[in-house]
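The whole structure should be built from the sequences, with the hints applied where relevant.
Counted the way my numbering counts, the sequence shown spans residues 378 to 562.
Hints are supplied without guarantee of correctness; some may be wrong.
[As the list claims (entries may be wrong)] Derived DSBU-like pairs (lysine-lysine); straight-line CA-CA distance at most 35 angstroms: (1) Lys439 x Lys463; (2) Lys439 x Lys455; (3) Lys538 x Lys459; (4) Lys463 x Lys486.
It should be emphasised that the hints constitute simulated quantities derived from the structure, not laboratory data.
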Amino acid sequence: MPDMGVDKERIFRGRTALEVYFDYMRSFRVEFGEFFEDGIISEIEVGLGPCGELRYPSYPRKHGWTYPGIGEFQCYDKYLMKSLSKAAEVRGHSFWAKCPDNVGSYNSKPQDTGFFRDGGDYDSYYGRFFLNWYSRVLIDHADRVLGLANLAFEGTQICAKVSFLCSDCLLCWRNKFSSHQYIDT
378 MPDMGVDKER IFRGRTALEV YFDYMRSFRV EFGEFFEDGI ISEIEVGLGP
428 CGELRYPSYP RKHGWTYPGI GEFQCYDKYL MKSLSKAAEV RGHSFWAKCP
478 DNVGSYNSKP QDTGFFRDGG DYDSYYGRFF LNWYSRVLID HADRVLGLAN
528 LAFEGTQICA KVSFLCSDCL LCWRNKFSSH QYIDT
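What follows is the structure, encoded as structure tokens:
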């Protein structure tokens, strides 16, 4: 799955990721039309990220992540950096057009980082701006993809995995961290 930063970028032979997603969904609907009409297919689950879940690929085992590492932000490509820059300019703080540089790495513990430790930068004006932007990119991606799924599969129930929020919130609560590093990354 391409990253959320390319949803509207024409990098797939002149097409956007959203156009590719929509064409795939529409083709599936047309190809299996009789199964929809007969009620054999009555629900579609749309994958929105890694493992089908609405989340960033922030803690991949192939890069050495192990539990309970906090993971890493996934926003360093040119498309998301451009989005961050634009968001910072809109807020009147162009110097905020950068990712935090004190977040640790995949296996860091929150208390070992300047960003996620209690009283850390996550709770500063910049930290709140960055985390809001980062989560907004994810939410906007889901909204766009699910909107297209609704068009492609009109009349069919659309589902998406968002269960990660509950388990990650529980981890943060259980471990009594005031930052939400498992969700944030």
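Hints and how they fare:
The straight-line distance between the Cα atoms of lysine 439 and lysine 463 is roughly 32 angstroms, inside the 35 angstroms bound, and the hint therefore holds. Restraint check for lysine 439 and lysine 455: satisfied, since their Cα atoms lie roughly 23 angstroms apart, inside the 35 angstroms limit. Our distance criterion of 35 angstroms between C-alpha atoms is met by lysine 538 and lysine 459, whose separation comes to about 28 angstroms. Of the pairs offered as hints, the one joining lysine 463 and lysine 486 holds, with about 31 angstroms between alpha carbons and a cut-off of 35 angstroms not exceeded.
The structure meets every hint from the earlier list without exception.
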